[in-house]
Amino acid sequence: MSQSIKRVAVTGGHGKVGKVLVPYLKERGYEVFVIDKDDPLDPDELMMKADLEKFRPGLGCAVFGG
Numbered sequence: 002m003s004q005s006i007k008r009v010a011v012t013g014g015h016g017k018v019g020k021v022l023v024p025y026l027k028e029r030g031y032e033v034f035v036i037d038k039d040d041p042l043d044p045d046e047l048m049m050k051a052d053l054e055k056f057r058p059g060l061g062c063a064v065f066g067g
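Each residue of the sequence shown is one higher than the last, beginning at 2 in this note's numbering.
Some hints here could point you the wrong way.
Calculated lysine to any residue pairs in the SDA-like style (CA-CA distance at most 20 Å, straight line) [said to hold, decoys possible]:
{"hint": "1", "residue 1": "K27", "residue 2": "G59"}
{"hint": "2", "residue 1": "K7", "residue 2": "F34"}
{"hint": "3", "residue 1": "K50", "residue 2": "L22"}
{"hint": "4", "residue 1": "K38", "residue 2": "L22"}
{"hint": "5", "residue 1": "K20", "residue 2": "V33"}
{"hint": "6", "residue 1": "K38", "residue 2": "D52"}
{"hint": "7", "residue 1": "K17", "residue 2": "D39"}
{"hint": "8", "residue 1": "K50", "residue 2": "V21"}
{"hint": "9", "residue 1": "K20", "residue 2": "E46"}
{"hint": "10", "residue 1": "K7", "residue 2": "V33"}
{"hint": "11", "residue 1": "K50", "residue 2": "I6"}
{"hint": "12", "residue 1": "K38", "residue 2": "G59"}
{"hint": "13", "residue 1": "K7", "residue 2": "M48"}
{"hint": "14", "residue 1": "K27", "residue 2": "M48"}
{"hint": "15", "residue 1": "K38", "residue 2": "E28"}
What the hints contain is simulated information worked out from the structure, not anything from laboratory work.
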């Protein structure tokens, strides 16, 4: 029986909370996809550069998981 991959997207993955949350999730077996307005911190990071404030003004965060 195969184990399903735990995937999560973290908005603001390079911010104060994201810098702690991303490694925490990775250590627990999650595949983490970072969405941030800054450039990737690691060249192997799964990441999309985007400023969600431009997409939806006032959006504080978005949470996805599966």
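To see whether the hints hold, each was checked on the structure:
no., hint, in the structure
1, K27 with G59, "28 Å, violated"
2, K7 with F34, "11 Å, holds"
3, K50 with L22, "18 Å, holds"
4, K38 with L22, "17 Å, holds"
5, K20 with V33, "12 Å, holds"
6, K38 with D52, "5 Å, holds"
7, K17 with D39, "13 Å, holds"
8, K50 with V21, "19 Å, holds"
9, K20 with E46, "13 Å, holds"
10, K7 with V33, "9 Å, holds"
11, K50 with I6, "23 Å, violated"
12, K38 with G59, "15 Å, holds"
13, K7 with M48, "16 Å, holds"
14, K27 with M48, "14 Å, holds"
15, K38 with E28, "24 Å, violated"
In the structure shown, a violation is registered for the earlier hints numbered 1, 11, 15, in ascending order.
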